[in-house]
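Chain A is fixed; fit chain B onto it per the hints.
Those protein sequences? They're chains A and B, same order as listed. When you read off a place in the first sequence, starting at 1, and then add 49, the result is the number in our numbering. When you read off a place in the second sequence, starting at 1, and then add 49, the result is the number in our numbering.
Note that these hints are calculated values from the structure, not bench results. Each hint can be trusted.
Heads up, simulated EDC-like pairs for lysine to aspartate or glutamate below, C-alpha to C-alpha not over 20 Å straight-line:
1. A/Lys162 with A/Glu264
2. B/Lys231 with A/Glu120
3. A/Lys242 with A/Glu230
4. A/Lys231 with A/Asp212
5. A/Lys231 with B/Glu120
6. A/Lys162 with A/Glu71
Predicted model, so just to flag it, every value in this text is computed and none were measured.
There are 2 protein chains.
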Amino acid sequence: MSSVRVIQVQENVFAKNDREAERIRRDMTSQGTFFVNVMSAPGSGKTTFLTALINSMKSRYRIGEMDVDIESSLDAQRVADLTGVKSLQIHNCGLCHIDADMTARALSEYDTKGLDLLILENIGNLVCPAEFDTGAHKNVSLLSVPEGDDKPLKYPLMFQVCDLVLITKIDTLDYFDFDFEKARERIHALNPKAQILRISAVTGEGMDRAVSWFEGEIAAVKAAV
Amino acid sequence: MSSVRVIQVQENVFAKNDREAERIRRDMTSQGTFFVNVMSAPGSGKTTFLTALINSMKSRYRIGEMDVDIESSLDAQRVADLTGVKSLQIHNCGLCHIDADMTARALSEYDTKGLDLLILENIGNLVCPAEFDTGAHKNVSLLSVPEGDDKPLKYPLMFQVCDLVLITKIDTLDYFDFDFEKARERIHALNPKAQILRISAVTGEGMDRAVSWFEGEIAAVKAAV
Chain A
50 MSSVRVIQVQ ENVFAKNDRE AERIRRDMTS QGTFFVNVMS APGSGKTTFL TALINSMKSR
110 YRIGEMDVDI ESSLDAQRVA DLTGVKSLQI HNCGLCHIDA DMTARALSEY DTKGLDLLIL
170 ENIGNLVCPA EFDTGAHKNV SLLSVPEGDD KPLKYPLMFQ VCDLVLITKI DTLDYFDFDF
230 EKARERIHAL NPKAQILRIS AVTGEGMDRA VSWFEGEIAA VKAAV
Chain B
50 MSSVRVIQVQ ENVFAKNDRE AERIRRDMTS QGTFFVNVMS APGSGKTTFL TALINSMKSR
110 YRIGEMDVDI ESSLDAQRVA DLTGVKSLQI HNCGLCHIDA DMTARALSEY DTKGLDLLIL
170 ENIGNLVCPA EFDTGAHKNV SLLSVPEGDD KPLKYPLMFQ VCDLVLITKI DTLDYFDFDF
230 EKARERIHAL NPKAQILRIS AVTGEGMDRA VSWFEGEIAA VKAAV
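Chain A extracted, bound-state conformation:
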């Protein structure tokens, strides 16, 4: 029997990505910046949530935002217009995710020194972004009420890799059949440590708890410096 050489391309790709991500994380920790990666399906309310979050925190913290989209610059512009913070649009040229190398290239264009909080708004996609460590300290995933409580069953990796799940658009509960308890059970079956918060960026409900989570994480990074 002849010997067959097997090359594990995928593992090598991820190993290289993980090293680069670790380097980014170390740099962010050493400069006292909490770096957070925010992911969800398209239309879950990432930009609306982040705009409300930044406006609640910007008088007390120095905040920066980077926004990944295929080719438009709508979200970065919207965040910049509505909050006044510095926002960078990253065009990933048709790709379905952003990896640590792409994040590092974006960071080389953006002076993040002195920031307390740097937010990466990832591309709207529940599948691919979850596969790549971006170098963020924490991953946040949004699940909107109109999408349905079955999404953790269908996109499990996303809910495995996130530290915080924000159930968004809770002001529309009357219009949709969404069971919080089922959603919670499904998320915790995949990821028992995930924190879950219910919010509406429109009415403001639950926003105080989301702000507290971000403040706690900023304090944790500062304590580690």
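Just chain B, lined up with the frame of chain A:
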């Protein structure tokens, strides 16, 4: 200067995929089956729409359904339970799309002879599935009101490759800021030939026009046999 050899891996991958897709399409046409690929973001209402569509058409047409998900079998089971038609669950093992080769393997497990309509419910993702011709005659894309009218600007390829756009969940219009005219302009700027229909699978509004579109396409494939 030494010469550099450039290999165009991506083009080769797509060329091979396109040949396989063309073969599937020819087979489907020759057996008189209209094969349609249904795509959207997670939670746009694909399964709800397809269940309502199949129930409206099943007394007059022989219909089959194939459902792509990463690892769950929820949607295929739901379609089978609610409509009684034969439904096949395809697990794509963590991938973000389905290509023609995967479709061909699924078709080899599913006797589609004699079907008037075969529906492929693609994985919930507005980015990757649009890149791969599955061998379907037509592509349908759903855009739900809660997602927002800006999605064509942010996920242009999806709206370029689709023949029909269904704007779904129009029963929730009072709750969301969604401008039909803006959505229409943005879709037609990318794809002037795309048909656009507004529907609610919950109230039934617009479902008659969607059924007519499917009936017309079935007739067109039968006429080409």
